Every structure is written in structure tokens, then in C-alpha cells.
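Q: Taking this note's numbering, the leading residue of the sequence shown gets 1103, the next gets one more, and so forth.
Treat the hints with care, as some may be off.
Pairwise CB distance ranges, derived in the manner of DEER restraints [said to hold, decoys possible]:
1. I1314 to N1382: 45 to 55 Å
2. D1181 to N1161: 26 to 36 Å
3. F1253 to G1122: 23 to 33 Å
None of these hints come from the bench; they were simulated from the model.
Remember, it's a predicted structure, so these values are computed and weren't measured experimentally.
We put the beta carbon where it would ideally sit given N, CA and C, even for glycine.
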Amino acid sequence: MAGFTNSINGFWTYSDISIGDYISFLYGARIKDLYRVTKKVAYKNAENLPPWPSIKFRNSGNTYYFPFRLHLEKVRDLDEPLVKAEFAYVAENLLLRGGYKKTHFQADLTTLHNVSTMGRMNKIVPEPLEILSETFTPKIVFNKKTKKIPFEFPFHEFILQSLVRKKIKDFLLKEVLENFSENLSVDDFEVLGEKALPEGFVDIFIKLKYPIATNRYVLVEIKTKRANTNDIEQLHNYLKQIGKEVIGGVLIAKDFPKAKILKSDIMYVKYCFKNLDVNNAYSFEELLKMLSFTII
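The whole structure should be built from the sequences, with the hints applied where relevant.
A: So this is what it looks like as C-alpha cells:
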């Protein structure tokens, strides 16, 4: 079992990871084991639940506990150093970040395939931890004054990034490829979360699943509110960092300035949640269904 705290990072991690995903843990510059997520549960009264005690920080006075739980099935036993070439995608992401600044980030399929050949198959099935407590469905609110953590969290850019990542492949990527006259199928690509670059972080990183000789990339930046000219310039600079293999960029925002500085290598997309009532609370899954894109 993995647990995440009663914080926006904890809620984001819980929402971002899906049942059926494979995860490994990073500890001391080593990759530890491979698990499959079998169940997701949010528990009430988690401050009193095993196996982790609550943590109180002296300086802030904040107390953190672990209401958001992932039930895991161990698939492989492994303990490998991060410096191996097979972990290049993960290592580069960490190096450019300067360390562990996020609860998690997404590795590519090549890394998963490499991990799947390491160590050995797990043969031990531990006795599951039985937790007798009520559960709840965490919600997202658009009025910060009504938040009730850990039951309701205010809408955050992390949440929007995760929603877009889960929806962009089936509802926007085809149009992106056509816009940049790219003769490749949507199924040729994988959509990954935040990627560290030499100068900055791109919110969504889209690349070929199985590149041969060369790779192709789409960079996506996301803004919860109105985008400005600085956001456009930032994405344009990210595209220049990638170089010739980049297809183009996508800037997704709630709105754009009328006098925006157009860049031919960037596609502009408005997002909205259909029939949204800002006074209501919504689950992550509800917002995912409501999310829509409009190319401008």
C-alpha cells in the first residue's frame, strides 16, 4: 500500500495515478521494485489509521496524515541504481530538477520495458492490511472559501495538467498533428506528465513510443487562467531547446489576449468545463468528462 497526504500534492498524486498503472519507488538514487495499482481508496479519519502515524511540523504547525491510499500488487523484486543507462529518462528528469521536488513523475514506456526485465518475479503475497473505516470521494471546488480538506480541494494547475494529460490523446492530438502537417498516427505517441528541460519545465511532454533513428515531440503548456505574451515566449523558447525533432507546441488556457503575439510553431487552445457551476463540488472523474477543447 502507498499513502499520500492531506495536501494538494497528495490529492494530485492520488488523482493522477490510475488503477492498472505500474509504479516503482525512488529512494537513495535507486529504483525499488515494480508494482501494479489494483485499487484506490480515500479514507475518513485517516489520522487514526495504520500503518503510518500523523506527522506534525513544528515551524508551520501543520499536521499531515494519509487519507489517499493506493493498493498495490508487487510484480517484480528489484533494487537497481539510477545511474544505469536504462533509466536515462528518469535520471535526466531528476538531474535537471535538482532533486525530488514533486511527489511523482511519469516515466516513458521504454523505462517500463527495461524495468520489466530486471530483478525477478515476485513470489511472496503479503497478507493485506485490513482497514475498517468509512471512505469518501474527494472533490474539487472553484471557490477557495468552500474548501474542506481533505474532502474538497481548490482547483489547481496540477489538477488541470492531469486532466489534460488524460484527455489530450483522444480529443486533441489528432488535430495537433494535422495542424503541423505531421504524417503520423496518434497511436504512435505516448503522452507523459511534466518534463524537466535545461531551462524550465514543460507541463506535458508528448513523444514517439518507439522512435527509430529520430524522435518527434510535442510540448504542451497549460494555464488555468488567461495566457499572456510571456507564456507564449516561454513555450517558444522550450521548443527551441528541443531543436529539429520538435513538431510544435500547444498552449492551453482559459482565455487568450486579443493582441497575442502569434508564433507559427504554437497552436492555441481554449479549455472549458461544460455546464460548470462554480458553486458546486466535482470529482476528478466528473471534471474529466466535462473538459472540452476549442482550437482558436
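Q: Hint by hint, note whether the structure agrees.
A: Against the structure, the hints come out as follows:
no., hint, result
1, I1314 to N1382: 45 to 55 Å, "48 Å, holds"
2, D1181 to N1161: 26 to 36 Å, "34 Å, holds"
3, F1253 to G1122: 23 to 33 Å, "26 Å, holds"
Of the numbered hints stated above, none is contradicted by the structure.
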